[in-house]
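Construct all of the structure, not just a fragment, from the sequences and the given hints.
What follows is the residue order along each chain.
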Amino acid sequence: MNRIDTCFKALAEAGKKALIPFITAGDPSPEITLKLMHAMVEAGADIIELGVPFSDPMADGPVIQLASERALAAGTTTQVVLDTVAKFREQDNTTPVVLMGYLNPVEAMGYETFAHNASVAGVDGVLLVDLPPEESRQATQLFAAKNIKHIFLLAPTTTPERTALIAKAGSGYLYYVSLKGVTGSATLDTEAVAKQLEMIRKHAQLPIGVGFGISDAASARAIAATADGVVVGSALVRRVAENLEQPEQIPAKVAAVLAEMRAAMDEGIKHE
Amino acid sequence: MSKDIVFSQYPDTGGHFEQFGGRFVSETLMAALQELEQVYMRFRNDKAFQEEFFHDLAQYVGRPTPLYHAQRWSNELGGAQIYLKREDLNHTGAHKVNNTIGQALLAKHTGKPRVIAETGAGQHGVATATVAARLGLKCQVYMGAEDVERQKINVYRMKLLGAEVIPVHSGSATLKDAMNEAMRDWVTNVDDTFYIIGTVAGPHPYPLLVRDFQSIIGREAREQILAQTGKLPDALVACVGGGSNAIGLFHPFLEDDVAIYGIEAGGKGVDTGKHAAALSAGRTGVLHGNCTYLIEDEDGQIIPTHSISAGLDYPGVGPEHAWLKEIGRVKYDAITDEEALAAFRELTLVEGIMPALESSHALAYVKKLAPTMNKDQSIIVNLSGRGDKDIHTVAAIDGIDV
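So the protein lines, in turn, are chains A and B.
Last residue of the first sequence: number 272 in the numbering used here, and the count goes up by one each step with no gaps.
Last residue of the second sequence: number 674 in the numbering used here, and the count goes up by one each step with no gaps.
Mixed in with the good hints there might be a few duds.
Straight line, CA to CA, 27 Å or less: simulated DSS-like cross-link-like pairs of lysine-lysine [said to hold, decoys possible]:
(1) B:639 - B:546
(2) A:180 - B:384
(3) B:319 - B:384
(4) A:180 - B:410
(5) B:597 - B:546
(6) B:640 - B:546
(7) A:180 - B:380
(8) A:9 - A:195
(9) A:253 - A:87
Okay, the calculated bits of chain B under chain A, using three or more residues with CB under 8 Å as the criterion [what the hints assert, rightly or not]:
(10) 285-299
(11) 442-450
(12) 454-464
(13) 550-560
(14) 564-571
No lab work stands behind these hints, which were simulated from the structure alone.
The beta carbon of each residue, even a glycine, is placed where N, CA and C say it ideally should be.
Below is the structure:
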């Protein structure tokens, strides 16, 4: 069984929601990323989304753009990201790791080589922002052959017809982008998200993670009330950026933010 | 073989030119692109829309542009007869306006009150600001901070036309980064905004609709050369950045027995790594919504490009060009900064026509090609824009402060 499926099953049995932190791999260095991954698990992360840096991150706001630039400057190639996952697996064989990024670095490595290397490293899922299901048949098949889940985005602009199409193509979980905009955008409308999730659930059996615009414990708690998972990215990457002078403090600073979110999410569920 | 291909049947319904093209965007934009595709497919066959488009091209842009027989230059080169398709005589000074007229009409008919655009040299930005002013649309233009510095006059032109120019500081602060930022804007404001892409690249249906709007160049040239010489030309030459002026000229001739040459920016030389020749020295990848040739490193990261002409300074190229290269229908080659500059000076002195530095790349190739051909043969070269905007660049090279 894939670690993602195991994770959501266990959470459902425990009556909990998934906390899914996103960080850019190699920001500010692969060594810090490895420590950060373990620290985030310690703080209550259920699944880790690891950003694969790209020179032209079109769907990202300034916070993650800069993280990508720092990671590339630190020499973080796609293979370095995979090596980091492999090192993470030496100590943690249960927390699912999802690679999130853009198509071109994968295309450059070749789908088949990428799927193979990712599987060897211990990657459980892949989300490619600019690869919609219409263009992805080959990639999905190659990932599936290596027991890697292909995670797709849903957006506020996604129609019911497309939702059905995407749900059919995807596996692991679906990632609902809670607002029109780039990562790290302003506020999110919890009610609108709840309404959209209702529509999505009519067409999809997969667990649904919600991301973009979740920046603190309160918004994490609000989203956890309706979604199966809460994805938080820019709010964490901002902590990385704030502590570049003392990189050894980064894991603890990020973990502190995450622990607050974890507590708020679990608290919220208890109160329901 | 490319001989049996019906070129008008491409792209397919998914926007593919075989393995190239397509629609590689984040989910938020998929609905907008599907809507644009539906709207465009309707207008493409709509008589009233087409009439409005051609009326604007005639009355506002000043079409048809002349096909000028450059007799003196032809004689000097001593080979084929050279005909210049004078896109520099369009309103705003380049071919770009053919496309912005078309896309602005689409914006108007879809009721979007705001348009955005990316621009490199500023020609597409000016052409967008121009049509936005005429239709009363709010207009914001993204431009790399480096290009804002290099192209001050066009920046001011856009401001005078009522557009807001937003300098982009991210990445390499040039055209590709301006396009990234325009995509980010569009994803955020997709409900009320029409994105006017300036070239035959981007996600489907952009490469198709920009080609359609620009094909007026080749259709006119075809009629004009038949009227002037009684036969088709032997060769076509155009410069290729994203490739819209080139596709515009080439497309109506693809099924004819005509040699076709697309000329990329060789910068300081293709072997120096400082160039923008994606077809000559790049490899297949995905950027800005389409699969095409890109200038990238081994890891799929886009590499900063270089060209003396900001309009060609882009790491990708339209997917139809990638395909035309693949099937061998068009021959692609590169011209260096230095060769382009020499052609700029030569045409100015010999014919009294100052070409854009972009177009000068095509002219420099003609200097090599024409002498290898006979006097009874002909070449049509797309003079895609006028050179006034480049005077500062050339003056700086000459050490003159203007």
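Looking at the structure, which of the earlier hints fail to hold?
-> No numbers; nothing is violated.
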